[in-house]
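Using the sequences plus the hints, can you model the full thing?
From first to last, the protein sequence lines stand for chains A and B.
Residue numbering for the first sequence follows the numbering used here, starting at 1 and increasing by one per position.
Residue numbering for the second sequence follows the numbering used here, starting at 1 and increasing by one per position.
Derived from the structure by calculation, the hints contain no laboratory data.
Since we're looking at a predicted model, the values are computed, not measured.
Be careful, since some hints might not be right.
Said to hold, decoys possible - 25 Å max Cα-Cα, derived SDA-like pairs, lysine to any residue:
#1 A/K66 / B/V53
#2 A/K66 / B/S64
#3 A/K179 / A/L41
#4 A/K319 / A/Q281
#5 A/K379 / B/V25
Claimed, not checked - Ranges of calculated distance between the beta carbons of each label pair, as one might list FRET restraints:
#6 B/L56 / A/A397: 27 to 33 Å
#7 B/L56 / A/L181: 36 to 42 Å
#8 B/F46 / A/R468: 18 to 24 Å
#9 B/S83 / A/I391: 50 to 56 Å
Unchecked claim - Counterexamples of contact, computed for chain B against chain A with all Cβ distances above 10 Å:
#10 V42
#11 A45
#12 L56
#13 R57
#14 T66
#15 L78
#16 V79
#17 T87
#18 L90
All C-beta atoms, glycine included, are put in the ideal place defined by N, C-alpha and C.
Take a look at the letters that make up each chain.
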Amino acid sequence: MSRAEQPPVEESYYQAHQKVYPREVKGRFTTLRITAVWVLLGLFYGLPWLRWDDRQAILFDLPARKFHLLGLTLWPQDFIFLAWLLVIAALSLFFFTAVGGRLWCGYACPQTVWTEVFLWMERVTEGDRAKRMRLDAAPLSTNKFLRKASKQFLWITFSLWTGFTFVGFFTPVDVLAQKVLTLSLGSWETFWVLFYGFATYGNAGFLREQVCKYMCPYARFQSAMFDRDTLIITYEAERGEPRGGRRKGTDPRAAGLGDCTDCTMCVQVCPTGIDIRNGLQYECIACAACIDACDSVMDKMGYPRGLVRYDTQNALDHKQTRVLRPRVIVYGFLLLALCVGFVVALAMRKPVGLDVLHDRNTLYRSLDSGEIENVYLLKIMNKGAEPRRFIVKVTDASGAASAVYRLDPTIPAFTVPAGEVFNAAVRVRKDAWDDTGETAARTDGVADLRFEVQAENDPSLRASAESRFFSPRE
Amino acid sequence: MSHKLSPETDSGTQQGELGLRGRLVFTVAWCSFLAASVATLVFFAFVDPAPIVAVLRPTDTLISRTALYSFGFFFFWLVSAVSAGLTASLLCTPPAPAPRR
Chain A
1 MSRAEQPPVE ESYYQAHQKV YPREVKGRFT TLRITAVWVL LGLFYGLPWL RWDDRQAILF
61 DLPARKFHLL GLTLWPQDFI FLAWLLVIAA LSLFFFTAVG GRLWCGYACP QTVWTEVFLW
121 MERVTEGDRA KRMRLDAAPL STNKFLRKAS KQFLWITFSL WTGFTFVGFF TPVDVLAQKV
181 LTLSLGSWET FWVLFYGFAT YGNAGFLREQ VCKYMCPYAR FQSAMFDRDT LIITYEAERG
241 EPRGGRRKGT DPRAAGLGDC TDCTMCVQVC PTGIDIRNGL QYECIACAAC IDACDSVMDK
301 MGYPRGLVRY DTQNALDHKQ TRVLRPRVIV YGFLLLALCV GFVVALAMRK PVGLDVLHDR
361 NTLYRSLDSG EIENVYLLKI MNKGAEPRRF IVKVTDASGA ASAVYRLDPT IPAFTVPAGE
421 VFNAAVRVRK DAWDDTGETA ARTDGVADLR FEVQAENDPS LRASAESRFF SPRE
Chain B
1 MSHKLSPETD SGTQQGELGL RGRLVFTVAW CSFLAASVAT LVFFAFVDPA PIVAVLRPTD
61 TLISRTALYS FGFFFFWLVS AVSAGLTASL LCTPPAPAPR R
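Dropping the structure here:
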């Protein structure tokens with residue numbers, strides 16, 4: 001029978017999912033991961049409470065359209081910095097993936113970090129792996145109900161706290177806490193607390209490794225940054241095979257066995273439920289739990305550690321591993337350039353900003369004195385850390401002093417508090433008969449002009465913006 | 001080789017686990033969530049919705065920026081979810097059976 005005549009093979013892209021019950025593990029990398037969990041979650045839950053000069057140190061104040069980052073205040077006009085920062089973050093991810101594999105997944109990804117905490121809560125309430133499996137298989141009893149209920153209680157409480165903290169990055173957290181305590185939370189605040197809490201609960205309690213396996217875009221494209229010199233979690237098949245059980249003290253070589261005792265500990269601890277002995281798989285989030293599990297077994301058997309270990313494909317193939325290679329150099333160079341550029345740009349950022357809006361309701365007004373008046377709204381931004389007094393000037397479009405346009409009052413000055421926008425109404429006048437003047441070149445009664453603000457005590461602090469002056473048509 | 005992909009043939013084997021349909025829903029929801037987050041960030045960095053709404057609907061009571069941002073986010077999420085969902089559902093349609101020789 002030729003190939004073409006064979007009945008078509010029915011094939012599903014998706015395998016039926018088995019619930020994974022990860023076993024608890026102890027060891028070097030687990031300690032490292034738990035340290036990362038403490039540090040990262042400590043930052044997340046602690047940062048909103050940090051103060052800086054009478055205000056929250058990190059506050060993304062969306063209603064006021066400004067971001068406070070320690071001593072720095074960023075405005076929508078500074079969007080480039082935020083975008084820049086995101087590019088740096090993405091490139092760091094590329095760089096560290098090329099060098100160290102999926103370090104992000106194993107130690108830093110919120111999915112990993114929160115799942116770790118949720119798993120811990122599950123262990124506290126439902127017991128270890130074997131107990132959890134028995135409990136799930138058992139019929140409903142008071143014991144089962146109490147254990148499941150207390151797990152849900154811990155999960156939901158922790159999720160709500162997470163949602164509250166998340167909103168605390170956008171609304172002053174002390175005000176938010178007071179509102180929660182007095183049950184006077186606004187509807188959108190309540191919504192976002194619940195939404196983020198629900199997302200935490202769903203991702204870390206319910207979906208877990210399925211997020212990494214089915215939903216995570218990074219998990220799919222990270223292999224593009226891999227090469228044969230990237231650190232991966234490997235099983236040394238040469239040393240481990242043929243695997244098999246043996247008594248302690250048996251000489252494996254005499255029994256015709258490799259070092260793998262086939263204890264399946266590496267499979268039991270895996271949060272994504274894979275067998276690392278089958279080689280590198282896309283499901284592997286490089287959490288190194290299997291390394292710790294295998295090392296402890298190797299210790300017990302008196303074999304050297306590292307049957308499962310961090311290593312590169314080249315090392316496994318007995319070739320030289322190169323750390324500095326074009327990919328790493330290019331990523332590293334770009335990253336360095338972007339970081340240096342970011343710091344320089346931030347240091348050179350203009351601490352004053354100006355937006356000009358022409359009055360919406362009236363284009364112009366003819367005054368009794370024979371003058372034409374236009375009204376403008378100036379939005380003066382003081383991005384600096386101290387209050388400043390700014391002087392307003394008006395020039396023609398090229399920036400040269402204008403004899404045609406006059407400000408009223410003659411030299412308006414406004415004091416703008418630190419990190420605030422000041423809305424100042426400014427009137428500009430010109431003589432009606434002077435329509436052939438140096439700047440009123442257009443015949444349709446519209447002329448360009450430019451506003452400039454300058455700090456009173458520091459002339460180098462200045463900003464300008466263009467607008468238009470409307471006159472009656474001839 | 002034909003691929004058979006239909007939600008009915010593959011539902012989760014255990015309670016609380018996702019079948020194919022569940023995975024599609026969550027994947028579509030998650031990826032469009034990411035896209036909507038970026039769209040919201042970029043859009044509202046350049047556009048301040050408050051004065052626009054104040055001009056368009058001057059008689060209404062003031063809508064807070066938080067509410068406007070939230071509506072914007074859900075709008076972007078809806079649009080990208082519709083796009084991703086349609087793409088996913090079209091990709092999942094099984095091809096016609098192979099012609100007999």
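Against the structure, the hints:
1. For the given pair, A/K66 sits about 20 Å from B/V53 by alpha-carbon distance, which is consistent with the 25 Å threshold.
2. A distance of roughly 15 Å separates the Cα atoms of A/K66 and B/S64; the hinted pair therefore holds under the 25 Å criterion.
3. At most 25 Å may separate the alpha-carbon atoms for a hinted pair to count; A/K179 and A/L41 meet this at roughly 24 Å.
4. In summary, the hint linking A/K319 to A/Q281 is supported, as the alpha carbons are separated by about 22 Å, within the 25 Å threshold.
5. About 45 Å separates the Cα atoms of A/K379 and B/V25, which puts this hinted pair outside 25 Å; it is violated.
6. Between B/L56 and A/A397 the CB atoms are about 31 Å apart, so this pair conforms to the stated range of 27 to 33 Å.
7. Judged by the Cβ atoms, the range 36 to 42 Å given for B/L56 and A/L181 holds: they are separated by roughly 38 Å.
8. The supplied range of 18 to 24 Å is met by B/F46 and A/R468, whose beta-carbon atoms lie about 22 Å from each other.
9. A C-beta distance of roughly 51 Å is found between B/S83 and A/I391, which places it inside the suggested range of 50 to 56 Å.
10. For B/V42, the condition that its CB be more than 10 Å from all CB atoms of chain A is violated, with the nearest at approximately 8 Å.
11. At roughly 4 Å, the least C-beta separation between B/A45 and chain A is not larger than 10 Å, which violates its mark as non-interface.
12. Under the 10 Å C-beta cut-off, the non-interface status given to B/L56 relative to chain A holds; the minimum distance is some 12 Å.
13. No Cβ of chain A approaches the Cβ of B/R57 within 10 Å, the least distance being about 15 Å, so the stated non-interface status holds.
14. Residue placement check: B/T66 does not keep its beta carbon more than 10 Å from all beta carbons of chain A (closest about 5 Å).
15. Its beta-carbon lying about 15 Å from the closest one in chain A, B/L78 satisfies the requirement of being farther than 10 Å from that chain.
16. Once the 10 Å rule is applied to beta carbons, B/V79 is consistent with being away from chain A; the minimum gap is 19 Å.
17. No beta-carbon of chain A is positioned within 10 Å of the beta-carbon of B/T87; the least distance is around 14 Å.
18. Separation of B/L90 from chain A is adequate, the least Cβ-Cβ distance of about 15 Å exceeding the 10 Å criterion.
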